[in-house]
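Participant: Each chain, written out:
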Amino acid sequence: MSSASAAPASWDDLPGPPVTRAEYCVLACAEAWRDAGEVLASPMGTVPSIGARLARLTFSPDLLLTDGEALLIGDVPAVGERSEVTEGWLPHRRHLALVATGRRHVMMGASQIDRFGNQNISCVGTWSRPARQLLGVRGAPINTLNNPTSYWIPRHSPRSFVERVDMVCGVGYDRAAAAGPSATRYHRISEVISDLGVFDFATPDHRMRLRSLHPGVTVEQVREATGFELVVPSEVPSEMSPEALAKTSSQVPTEVSSKVPSGVPYTRKPTAAELRLIREVIDPHGLRDREVRTR
Amino acid sequence: MSDKTMTADEAVGRLASGMTIGIGGWGSRRKPMALIRALLRSELTDLTVVACGGPDVGLLAAAGKIRRLIAPFATLDSIPLEPHFRAARQNGTLEMTELDEAMFMWGLTAAGQRLPFMPVRAGLGSDVLRVNPQLRTVASPYEDGEELVAVPALRLDAALIHLHRADARGNGQYLGPDPYFDDLFCEAADSAYLSCERIVDSEELMSGGGPQTMLVKRPFVTGVVAAPNGAHFTACDPDYGRDEAFQTAYARAAADPEGWAVFVKRFLSGDEREYQSAVAAFHGAMGGDGV
Numbered sequence: 001m002s003s004a005s006a007a008p009a010s011w012d013d014l015p016g017p018p019v020t021r022a023e024y025c026v027l028a029c030a031e032a033w034r035d036a037g038e039v040l041a042s043p044m045g046t047v048p049s050i051g052a053r054l055a056r057l058t059f060s061p062d063l064l065l066t067d068g069e070a071l072l073i074g075d076v077p078a079v080g081e082r083s084e085v086t087e088g089w090l091p092h093r094r095h096l097a098l099v100a101t102g103r104r105h106v107m108m109g110a111s112q113i114d115r116f117g118n119q120n121i122s123c124v125g126t127w128s129r130p131a132r133q134l135l136g137v138r139g140a141p142i143n144t145l146n147n148p149t150s151y152w153i154p155r156h157s158p159r160s161f162v163e164r165v166d167m168v169c170g171v172g173y174d175r176a177a178a179a180g181p182s183a184t185r186y187h188r189i190s191e192v193i194s195d196l197g198v199f200d201f202a203t204p205d206h207r208m209r210l211r212s213l214h215p216g217v218t219v220e221q222v223r224e225a226t227g228f229e230l231v232v233p234s235e236v237p238s239e240m241s242p243e244a245l246a247k248t249s250s251q252v253p254t255e256v257s258s259k260v261p262s263g264v265p266y267t268r269k270p271t272a273a274e275l276r277l278i279r280e281v282i283d284p285h286g287l288r289d290r291e292v293r294t295r
Numbered sequence: 001m002s003d004k005t006m007t008a009d010e011a012v013g014r015l016a017s018g019m020t021i022g023i024g025g026w027g028s029r030r031k032p033m034a035l036i037r038a039l040l041r042s043e044l045t046d047l048t049v050v051a052c053g054g055p056d057v058g059l060l061a062a063a064g065k066i067r068r069l070i071a072p073f074a075t076l077d078s079i080p081l082e083p084h085f086r087a088a089r090q091n092g093t094l095e096m097t098e099l100d101e102a103m104f105m106w107g108l109t110a111a112g113q114r115l116p117f118m119p120v121r122a123g124l125g126s127d128v129l130r131v132n133p134q135l136r137t138v139a140s141p142y143e144d145g146e147e148l149v150a151v152p153a154l155r156l157d158a159a160l161i162h163l164h165r166a167d168a169r170g171n172g173q174y175l176g177p178d179p180y181f182d183d184l185f186c187e188a189a190d191s192a193y194l195s196c197e198r199i200v201d202s203e204e205l206m207s208g209g210g211p212q213t214m215l216v217k218r219p220f221v222t223g224v225v226a227a228p229n230g231a232h233f234t235a236c237d238p239d240y241g242r243d244e245a246f247q248t249a250y251a252r253a254a255a256d257p258e259g260w261a262v263f264v265k266r267f268l269s270g271d272e273r274e275y276q277s278a279v280a281a282f283h284g285a286m287g288g289d290g291v
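Top line first, the protein sequences correspond to chains U and R. When we follow UniProt numbering, the leftmost residue of the first sequence carries the number 1, and every step to the right adds one. When we follow UniProt numbering, the leftmost residue of the second sequence carries the number 1, and every step to the right adds one.
It is worth saying that the hints were derived from the structure and are not from the lab. Glycine is no exception: its CB is placed at the ideal position from the N, C-alpha and C atoms. Don't take each hint at face value.
[Unchecked claim] Derived pair list, reagent style SDA-like, types lysine to any residue, alpha-carbon separation capped at 25 Å:
1. K217(R) <-> A97(U)
2. K217(R) <-> T126(U)
3. K65(R) <-> T45(R)
4. K217(R) <-> S207(R)
5. K65(R) <-> A131(U)
6. K65(R) <-> S234(U)
7. K65(R) <-> P91(U)
8. K4(R) <-> L215(R)
9. K265(R) <-> E10(R)
10. K265(R) <-> T7(R)
11. K65(R) <-> T126(U)
12. K65(R) <-> S128(U)
13. K65(R) <-> G270(R)
14. K65(R) <-> P177(R)
15. K65(R) <-> R132(U)
16. K65(R) <-> A139(R)
17. K4(R) <-> R155(R)
18. K217(R) <-> H92(U)
19. K65(R) <-> A97(U)
20. K217(R) <-> R94(U)
21. K4(R) <-> N229(R)
22. K265(R) <-> A249(R)
23. K217(R) <-> P91(U)
[Unchecked claim] Computed far set for chain R versus chain U, every beta-carbon distance over 12 Å:
24. K4
25. T7
26. L15
27. T45
28. R86
29. Q90
30. M105
31. L124
32. D190
33. S202
34. Q212
35. V262
36. M286
[Stated by the list, open to error] Residues from chain R shown here face chain U by an in silico Cβ test under 8 Å; the list is partial:
37. A102
38. G125
39. V128
40. F181
Produce the complete structure using the sequences and hints provided.
Facilitator: Okay, structure coming up:
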C-alpha cells in the first residue's frame with residue numbers, strides 16, 4: 001500500500017492552507033480510477049486530469065495516461081508540462097480501437113446529464129435547429145457502450161442536471177436497457193462528480209444517487225441545483241445493495257465519518273501526502289482553481 | 001513514371017458541385033487549408049462534406065458551400081466551439097448527418113474495403129439513431145445473435161488531405177504523432193488530392209522518418225500539391241504548431257458579420273500567396289511572433 005492510504009494522526013494536521021473545494025474535486029475524480037487496474041485513464045478537463053495523475057501516483061499505479069495527444073506517457077509531469085518518457089503510441093484511431101476492448105475508463109464532460117446518466121454534448125434545443133450548437137456527439141456513444149464512463153461537471157446547476165437531455169450522446173442506464181443486450185453488455189456509468197458532490201447509480205433502477213457531499217455543501221443546496229429528483233441514501237436504506245453500501249463506507253475514513261443530518265457522508269479529505277502531490281507535484285500553478293471555485 | 005503534381009486550383013478544378021468531399025485532419029489539426037482556400041475561391045457549391053470538423057467546415061459553411069455535413073464534431077481544439085459551424089446549425093442552413101467517431105472511422109473503412117457497411121456497437125441507445133433515421137441495425141448471424149449498428153460505407157467522390165512530405169507520384173508521409181484518418185479518406189475516395197509542406201524525391205522519404213511514416217500510397221492519390229504552410233492556421237506538428245493568435249482572430253471575426261467581412265477582405269480575397277503574405281503582415285503588425 002502506498003503512503004497515501006495511511007491517514008495522518010489528525011485530519012486537521014494537514015500542512016498549508018485549508019483543503020479547497022477544487023482539491024476535494026480532484027480527490028473525488030482520482031477515486032473514480034481506484035481499483036481500475038491496467039487501463040487507460042481518459043480524463044477530459046483540468047480537474048479530472050489532475051485526479052488521474054494523483055491516482056497513478058498513489059493508489060492506482062498501473063493506470064495508463066496520455067499526453068492529451070497521441071502518446072502514452074511513462075512519467076507523471078505536472079499538468080501543462082511536457083512528458084519526458086513515452087511508453088506507447090495511441091493516435092485517435094488506436095484510441096477508438098482501445099475503447100472497443102474495454103480497457104479504458106473515461107471521465108467526460110456533460111453539458112446536460114439526466115437521472116439515468118444520459119449525457120449531451122451535441123446541442124441544446126431541437127437537434128434539427130438547435131438553440132445552441134455545441135461540439136457534436138464525438139465519441140460519447142462508443143465510450144458509454146464499451147468502457148466504464150464517469151462524468152465531471154464543474155458547475156452543478158439545473159441547466160446541467162436536467163429532467164431530459166436534448167440529445168442523448170452518452171447512453172444512460174434506461175436507454176441502454178431499452179436498446180437491448182448488445183447495448184448493456186459492456187455498459188457502465190460509474191459516477192458523476194460535480195463541484196458539489198459525488199453521485200452514482202447504485203440504486204435498484206439505476207437512478208442517480210447522492211453518494212457524498214463535498215464539505216461545505218448541504219443536501220438542500222444540491223437539490224436546488226439539480227433539475228430532477230435525486231436519490232438520497234438515507235431515504236433508501238433497505239433498497240441499497242450490500243456492495244453499494246460497502247463502497248460508500250470504504251470511501252469515508254472513520255476519522256471523518258461526520259455526516260450531515262440526512263445521513264449523507266462527506267467526500268473524503270485528501271491525506272497530507274495526496275495534498276502535497278496535488279499542490280507541489282501535479283498542479284503547482286493552481287490550474288484546478290480556475291475550473292472550480294468555492295461558492 | 002507519372003508526375004501527379006498540380007496546383008491547388010488545378011486540383012479543385014477537377015471537382016464538381018454536388019460532390020461528396022472528404023477532408024482529412026482532425027479538429028484544428030493538419031487540415032488541408034490551402035486546398036480549402038482554393039475551394040473557397042472556386043464556384044463549387046452544394047457539397048456534402050465528410051470530416052472530423054475544424055475551421056475547414058467553418059470556412060466552407062460560412063461561404064455557403066456545404067449542403068450536408070457528415071461529422072462527429074466540429075471544434076477549433078484550443079477554442080472548443082467552431083463559430084461558423086455553430087451559426088450555420090443555429091440558422092438551420094446546414095443539413096447534418098451526425099455520427100459517433102467510431103461510426104465515422106468504420107464508415108470510411110467500409111468504403112475503402114468496398115463493403116456496404118461495418119457492424120459497430122456504438123450508436124445503440126443513443127440519439128444518433130433517432131436523428132439519422134436512415135441508419136439500420138444488423139443481427140449477428142452467429143450464436144451470440146447480437147444486434148449491432150450497420151454503419152453505411154462513407155464512399156467519397158474526392159478526398160482532400162495535407163501531409164508533411166510527398167513525392168511527385170503521390171506517396172505521402174506524415175511526420176507528426178497522429179495519422180488521423182487521412183489514408184482512410186484516400187482509400188474511401190474515387191480521387192484524392194494530397195497537399196504537402198514539401199515535395200521531395202522518393203529517396204528522401206525514407207530518410208525523413210521510418211517506413212511506418214509513409215502513410216499514403218500512390219494508387220490512392222490523384223494529385224499532389226506543393227503547399228508550404230498549407231495547413232495554416234491549423235497545427236502541422238512538427239513542422240509548425242497551430243497559429244493560436246491567428247485562430248483567435250478568426251474566431252473573433254466570425255462572431256459578427258461586419259468583423260467577418262473585414263477578415264474575408266483581408267485574408268481570403270486573394271490567392272494563396274497573398275494569403276500567406278497577409279498572415280506574415282498580421283504577425284508583423286503584432287510585433288514578432290504575434291503572441
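Participant: Hint compliance check: list the failing hint numbers for this structure, sorted ascending.
Facilitator: 2, 6, 7, 14, 16, 19, 28, 29, 30, 31 and 34
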